[in-house]
Amino acid sequence: MIQVSHLSKEYPGGVKALRDVSLEIHPGEVISVIGPSGCGKSTLVRCIEGLEAPTSGTVDTGDSRLGMVFQQFNVFPHLSVLDNVTLGPVKINRIPKAEAEKKGMDLLRLVGLAEKAQAMPDSLSGGQKQRVGIARCLSMNPDVLLFDEPTSALDQTMKTEVFGVINELAKQGMTMLIVTHELEFARKVSTRVVFMHDGEICEEGAPEEVFERPQKTLTRIFIRNRRSLLFQADSREYDLYKFNADIEWFCQRNHLGKKYFTLELITEELLSHFLPFTGPIHFRIFLNEEKKLAMEIEQENCSSPIVDSPDADEIALMILQGLCASIQEVQEGDSRFLHIVVNDVYDQD
Amino acid sequence: MEVKITEQGGTMTAAFIGRLDTPASLDVTREVQPLLDHADRTLVLDCKDLTYISSSGLRIFLTIRKAAAAKGGKVIVQDICDDIRQVFMMTGFLNLFEVRNG
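Those sequence lines, one after another, are chains A and B.
Oh and the first sequence: position 330 is 330 in my numbering, straight run, nothing missing.
Every number in my numbering is 1000 more than the matching position in the second sequence, counting from 1.
In case anyone wonders, no lab produced these hints; they're calculated from the structure.
Hints should not be assumed to be uniformly reliable.
Simulated crosslink set (DSSO-like; lysine-lysine; CA at most 27 Å straight-line) [stated by the list, open to error]:
1. Lys-1004(B) - Lys-1071(B)
2. Lys-292(A) - Lys-216(A)
3. Lys-1004(B) - Lys-1048(B)
4. Lys-159(A) - Lys-291(A)
5. Lys-1048(B) - Lys-258(A)
6. Lys-242(A) - Lys-1048(B)
Bound conformation, chain A alone (with noise of 0.2 Å):
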């Protein structure tokens, strides 16, 4: 077991990182730290693997051996891929070359990167270096793997290869501690999750009660937002790409598929033939608790229908109702507000 009591950290100028943060980490845990940038947890999870010493509060690993894979791969670009994997069981833990190359490759198969075995890293994709760090760490025998943010420098392919091959620990039983931005993927593959917030840990629990059921507004507040995709509109010269380049971010990290022709489409519809522009214009995407696609549109200083309009563009509706299961309009004070739920009967993949 790993126990860390009242972790602080201070940084020169007066930072603080870290605010009496404790934690035990018990064999076989997959435990994912989430938070905002700057909430501390790259910070936790290099005190605990002892890159940092922290300000005050102690780091008791016990017996552990602890493997640490970091953002930037950290491969060594002169050697082979096997060499990677072997360097550290040869020269530090004094295995014969051959043991260890057996070993290498078994790990190797472990990542799926078997073929490459004599490759060299700058012929690799960043996914597959990534593996080869995950392999390399693996190498030393750890009992707690640490993750420091370990798919986000990757594109989504190569996302999924290393949130596969994590899968694959989590399964075998492998102790992890992993600090990410990727919530759908913390949420899969945890037993416990741990929001952070301004160097402190706000709220733990099992994935379900921390996305689903949060208790403090703070992580109610990080979860819904980065779920959500805002933008705003306040006049008609409107930026429809920049719109769009948003939509498809959001949907390539919600694995929305093409999802995106859809929202991008009513978002249109809406823009071009509905919305009055009384006032800014507020758009919210988000998936909502049916895991639904849902779309919050506020039209503000605005008290007539917008969709319900007599004067309504005849396709356009058409194109609407055909992509939203419902679409309800709701008046709040000065403001408009449309709560869509976007149909899924159309859905390709």
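Go by the hints and put chain B onto chain A.
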């Protein structure tokens, strides 16, 4: 968005390349004028490389169809992708146009 117009025999083909959205529709309305001028012929709207269409784009297709109906021509919509087919379906355009794939 680009529209390439070609003519072969009595057929005039407009190939739509890219996204036919509201910002693109103004230019495209101008670019399809040759089809409206020759709406007594067979007009093929080639959508092989059309990746997106909104109501503003559909309205251009409708204008072409109306012109052809008035002058005795014919409109064929060719090679629409699944996403666009759904838009055609929900707006009734699938019944309004002769749609050919492949």
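Going through the hints against the structure:
1. Lys-1004(B) - Lys-1071(B): holds, 23 Å
2. Lys-292(A) - Lys-216(A): holds, 24 Å
3. Lys-1004(B) - Lys-1048(B): Holds, at about 12 Å.
4. Lys-159(A) - Lys-291(A): holds, 22 Å
5. Lys-1048(B) - Lys-258(A): Distance ~18 Å between Lys-1048(B) and Lys-258(A) Cα, so the pair holds.
6. Lys-242(A) - Lys-1048(B): holds, 25 Å
The structure agrees with every numbered hint stated previously.
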